[in-house]
Amino acid sequence: MFGYIRPLKPELKVSEYQTYNAVYCGFCRAMGNSGALLRLTLSYDFTFFCLLSLSLEEDFCGFENCRCPVKAFSKRPCVKQNAKLDYAADLAVLMLHGKLVDNISDRDRTFLSKLLMLYLKPKYKKVAKRLPEEAKAVLDYISAQQKIERENGSIDAACDPTAQLLSSFFKRLSKNSEQQVNLERLGYVLGRWIYLLDAADDLKEDIKSGGFNPLKKTGREDIPFSLNVCISEAIDAINALKLYHFEPILKNIIFLGLDNTQKAILTYTDKKERKKALNGKSL
Amino acid sequence: MENPYRVLGVAENASDEQIKEVYRELCKKYHPDLKPEGMSREEAEEKMAQINAAYDAIVKARRSGAGNNFSGSSYSGASSQFADIRRLINQRRIPEAEELLDGVLSSDRNAEWHFLKGTVLYSRGWFNDAYTHFQTACNMDPYNQEYRMALNQLNNRRSGAYGGDYRTAGGGECDSCNLCANLICCDCLCEACGGDLIPCC
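Just so you know, the protein sequences line up as chains G and B, in that order.
Numbering follows my numbering, in which position 48 of the first sequence is assigned residue number 48; successive positions increment by one, without gaps.
Numbering follows my numbering, in which position 9 of the second sequence is assigned residue number 1009; successive positions increment by one, without gaps.
Hints in this document: simulated from the structure, not taken from any laboratory.
Wrong hints could be hidden among the right ones.
Distance windows between CB atoms, simulated [unchecked claim]:
1) B:Lys1020 x G:Cys61: 51 to 61 Å
2) B:Ala1161 x G:Ala240: 55 to 65 Å
3) G:Phe2 x B:Ala1161: 18 to 28 Å
4) G:Lys242 x B:Leu1179: 26 to 36 Å
5) B:Ile1184 x G:Pro224: 41 to 51 Å
6) B:Glu1099 x G:Glu151: 18 to 28 Å
7) G:Asp108 x B:Ser1015: 50 to 60 Å
8) G:Glu151 x B:Gly1103: 19 to 29 Å
9) G:Glu58 x B:Leu1179: 21 to 31 Å
Glycine residues also receive a C-beta, built at the ideal position from the N, C-alpha and C atoms.
Please build the complete structure, drawing on both the sequences and the hints.
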């Protein structure tokens, strides 16, 4: 939902970049099956999730051509439709719903959120029926997050709901208990990293507006240290996983992408410069 | 006397080699002849005597097969609680370990408590609080290797020293170019020493 988890494009091989795009397109198509407008909420983060999901099983369904409505219906390679992409698309619906619920209760962008909610509600209900545990996990996450904000929790406590949510989602990607241990850890530290980075990005604004931000408790110099530990742990976790496919792409994202995104977000506030940096143009 | 393993700062299940290594390091650090920093000669001599006594005790006990039974009268209730906690942590039973830790009275929360609390928090992913506890442990017991190592490892992660090779040149693959070049190098080195790996080169 933030687009923080993305590859460092210049360090991908051309074939890997094409594969990455094919997964992105496959996910987009799966989202479109839930609702055309939902394609607009596409993100790199979920593409990573799809890559990870597909990498954990030896069988891979392969690619096919599909027509892209955004690119004048030109033919593009795309991962074939499969249950894993559909599952990821369902999770995206749940996350989007959660975000809207949170916005509405925060009285943040209420009009737009309520409008989107009208569109999303029927789709959400269908998905929640299919995936009741995951739907509950998202709602639990929202309420845990709101509780921490009311109680002005510590940094670790504030990161925990997001981290636990991703941890539980990642764990479900494999039935192998050894893999699950590493997936849980990877999910946890990535969730923590995303939350911290978002908090760091919002810090200035939150200080002005008086909004909750756990990083108000720490010095600015300490922020990269906390983020670095998460990346370090993510590297250990991905190294411990048995990946049948897309290993170089996944490792690019974890080893290089996270660090690059972190530097881009912390260094640049101007949108244009930040976009350039996120795409890997030299800092 | 105090638990000798704690004096040296090693785990009770450390191997003989590890204990020897730690002892050597401590000697280099605290031997009075080497004038350790921040200590007077008397302090260094006292510290060295403690280290020697602890090391002798461990070696003697292991040789005689008495194992690690150092529960003397100075082994307070709080300390034996920590042995249980350490065992739980080793068995990855983190919630139980944490419950025991939180049950310890504030007055008994020594350096080892902070180290174990930090360990438990770290395994749960609460890295910030873990760091604070490791720092406290090292402040309370600056000479303890175990706590210092934990703090240093976390500091390494914080510094962004990720290590691990991603995309190093060649990626360690054994392709025919590498194989040929390596063999030729080996042959040259061999010939330099009077042998010959590849007779025709």
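Against the structure, the hints come out as follows:
no. : hint                             : verdict
1   : B:Lys1020 x G:Cys61: 51 to 61 Å  : holds (56 Å)
2   : B:Ala1161 x G:Ala240: 55 to 65 Å : violated (19 Å)
3   : G:Phe2 x B:Ala1161: 18 to 28 Å   : holds (26 Å)
4   : G:Lys242 x B:Leu1179: 26 to 36 Å : holds (28 Å)
5   : B:Ile1184 x G:Pro224: 41 to 51 Å : holds (46 Å)
6   : B:Glu1099 x G:Glu151: 18 to 28 Å : holds (22 Å)
7   : G:Asp108 x B:Ser1015: 50 to 60 Å : holds (58 Å)
8   : G:Glu151 x B:Gly1103: 19 to 29 Å : holds (23 Å)
9   : G:Glu58 x B:Leu1179: 21 to 31 Å  : holds (29 Å)
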